[in-house]
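**Q** Please arrange chain B on chain A, whose structure you already have, making use of the hints.
Chains A and B are the protein sequences, given in the same order.
For the first sequence, counting from 1, position 84 maps to 84 in our numbering; every step adds exactly one.
For the second sequence, counting from 1, position 368 maps to 849 in our numbering; every step adds exactly one.
In short, the hints are calculated from the structure, not lab data.
Note that the structure is predicted; figures quoted are calculated from it, not measured.
Treat the hints with caution; some may be incorrect.
[Unchecked claim] Not everything, but these chain A residues come out facing chain B in the computed CB check (under 10 Å): (1) Arg106; (2) Cys155; (3) Ala327; (4) His417.
Glycine included, every Cβ here is placed at the ideal spot set by N, Cα and C.
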Amino acid sequence: MPLSPQVLRELERIVGAAGLIVSREGLLTYECDMHTFYKGAPEAVVLPESAAQVAEIVRLCRGERVPIVPRGSGTGLIGGAMAPAGGVMVSMTRMNRIVEIDFANRCATVQPGLINLWLSQATREGGYFFAPDPSSQMVSSIGGNASTNAGGPHCLKYGITVNHILGLEVVTGAGELVRLGGKTHERPGYDLTGVMVGAEGTLGLVTGVIVRLTHLPESVKTILASFSTIEDASETVSAIIRAGIIPAALEMLDEVVIRAIEEGIHAGYPKGAGAVLLIELDGPVAEIEAQAAPIEAICREHLALEIRVARSEAERALLWKGRKEAAGVFGRLTPNWLLQDAVVPRSKLPEIMRELQAIGARHRVVIANVFHAGDGNLHPLICYDDRVPGELERAKAANDDLLHACLRLGGSVTGEHGVGLDKCESLPLQFAEADLNFMARLRRAFDPDSIMNPGKLLPSHPACGEGFRPVARPLPAGTWI
Amino acid sequence: MAVSTPALHDALAELVGRPHVLRDPVTRSRSAVDGVMPGAVVRPGRVEEVSRVLVLCASERLAVVPRGAGTTQDLGNPPRRLDLVLDLGRLTAVREYVPEDMVATVETGLTLGGLAAHLAPHRQMLALDPPGGAARSVGGVLATHASGPLRFRYGTGRDLLLGARFVQADGTITWGGAKVVKSVTGYDVPKLLVGSLGTLGVLVEATLRLHPVPPATRSWQVALPSAGAARAFLAALLDCPLQPDRAALLDTTGLRRAGLAPNPFALLLSIGSVAEAVEEQGRALEALAGTHGGRATGIADAVWSGLGAAVDSPIRLRLAGEPRRLLDWMGEAQAVAGRLGAEAGLLAQPGHGVIQMAAWGSHEPRRVGGELVEPLRAAVEAEGGSLVVERAPADLKSVCDVWGTINSETLTIMKRIKTEFDPRSCLSPGRFVGGL
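Pulled out of the complex, with its shape left as it was, chain A reads as follows:
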């Protein structure tokens, strides 16, 4: 149902004409995130400039029962920042400032639209950085990182986004503007900050973030090891972790991805290798030197073809450029793809990689791999061409088989991308009805009218088991669902 002229007038009053997009062409930009499979444009996009404006928008929408979809940079991969039920999209791109850098407390206060990498650039001189480093960090926003609890290569050592968030300013679905957490590291009461991080905008909108800053390591060593088979590389990963060494990052790329990266970016990865591991150690010089030796020995034991250590910052940057921009070269591999984000226990990596190859063969699809091997977080890219009849169906079948295999091994549906629209129907594979009910009820405590990013994160028909009560005030049929 289109927004009423009155709602549009109110929105314009709140954010000004320059902060309101209602034209068809303008809205098209916002119809999907990076998961272009799912499309749904909002009826209006607003670009607020303050938390107070956001609170006004939420109260207005709540009164009118209009759904709200938050959006940061739109780099998500899950159909999260798009509007399947229409409504109002709140884009945070105009709230993109660093409010304060507080080195003495080792934290920074930022607006949600701030680009992740800008913060590390602004704090580098002072000797600090913001540790969460999703591959999208040049373009993704910290509010988006917080809302999806983003990961990244270096979260193997440093932890995921939630471990780096001290406080949030949010507007809940009930329209309350609240400050959760803060510069102090603990406070009495439930950890609402911890619940809000990763909630994908289904509980409220993040309007401010206090993040922890991490001291830059004394030194960094980046090692590239190549192997003839993905099995050897997988066994190497398990052996490194088994030896009690936790590198800063431990990434794997397979032959298909290496080839595409070399054609597109020329990162210097060895062509023809079956797999490469990108291993980074950071910390005190003596520590990384002492850890590098056993890592190289483990690589050799597992028949590494070549072990190369980056000799300069430029070499290191190039190796990482290949990894971080891998998604950009996917277009060279395939016209279309499905991307998984499932996780397996790290000891199961060799097993799941064998299974993955069998699944690819069984469904006659190419599966390319570039992923966070150290914590068992897979990113298989299942290639297909939607112009060829039957390919999409085969890709989907392979996708399902793979997800089931990961969960059979004790894994998780998503490690860092989130649930969004893409994976919400997979949650029952990992959670029982009672578990999903708990989450549905938790959602209601923040968003009593279910206006926040509806249809995302939880299955569309949350199981109505014991203890679950329907929303107190049901929406009239056909309003916007």
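**A** This is chain B only, laid out in the frame that chain A set:
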């Protein structure tokens, strides 16, 4: 139905076995919470038994307080009602442990010491070492959000709890989180449970992130002649690439109570890494200490497990302020205690701005409340911090709230959560913030 009725006793006995329903005065009094005696202590032996007991409690509207090892049972406001203490001491199994995954799933009645013994042969550890550590239960440490010196590198239960099985007030066995080190599938329910003091559910199983035990570890005590020296040294330490894994800052009384040389201040640190790095960082640490008038000397590893003695007193406060203000708050705490004429010992978490303050001496509760707790709380709350009365006799709790002021919008959300999951307020009623 009153808890004393034979019918209820029989019903409980049927659920957990007669030997595990204890109603003798000694057990009941030992399990009293802030002086409030339960009608019975129930000791379920399986998760399903916890569920059945809670179903019964829900239908009979009985108030339940869960208990782990019982070492921190005095945290919280006195319960509004108390019928049963649910003792989880029989739930001690290690359910899953694959060393290669560095993840373990354990029942929450298991003590930290018991878990450590299980992990030691694989040179792995759960990086949580709250004062009084080894005897405390995994569930209790998580439910109270307890932490110790290892927080400096590894964080708290909020960083280490990956997945949790818990029993809701209506008896529903529920799972949240994951058994792998990285998962963003659904809400992070474990975060909600850590520090919730058994008010939303009873934690029965925890899936925990483990860490390798460093190949080598050395510990130092850096004696510091003044607050100024302590402040400067701490700032320099935090702003350099040294990577200690444990850190604790104590004042004179804290040091003396912990059996250490009573300097004005001392920062205790340990560095765990490969042997070469420990040696190199140790040299750098000693040099850094020297430039700030400090003197670093080696201490035995055993010192760490004895730190709880620094703050083992009948009255203990927990102050959290901005990390940069740590020394200021330590000074303020000493000054306020001095005006009251109480002996105060301080044990702080550098880098996190958290201070545990112990007070000894016989003072009238109203004076402790009015002259120690309230002024310190008012000052730290004005700067966005908090002051929790971690431990106190019931008569002190009757004159001052344990948790302090919670901002009203936030409390409103917390109340909605509590009402959603425990509408009849059967789980630890009244013990948590805002009377939840």
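**Q** Are the hints correct? Go through all of them and say.
**A** Now for the hints, and whether the structure bears them out:
Against a cut-off of 10 Å between C-beta atoms, the interface hint on Arg106 of chain A holds, since the closest Cβ of chain B lies about 7 Å away. Hint status for Cys155 of chain A relative to chain B: holds, with the closest Cβ pair at about 7 Å, below 10 Å. The beta carbon of Ala327 of chain A comes no nearer than 18 Å to any beta carbon in chain B, farther than 10 Å, and the hint placing it at the interface is violated. Evaluation of the His417 of chain A hint against chain B yields a held restraint, the C-beta minimum of about 7 Å falling below 10 Å.
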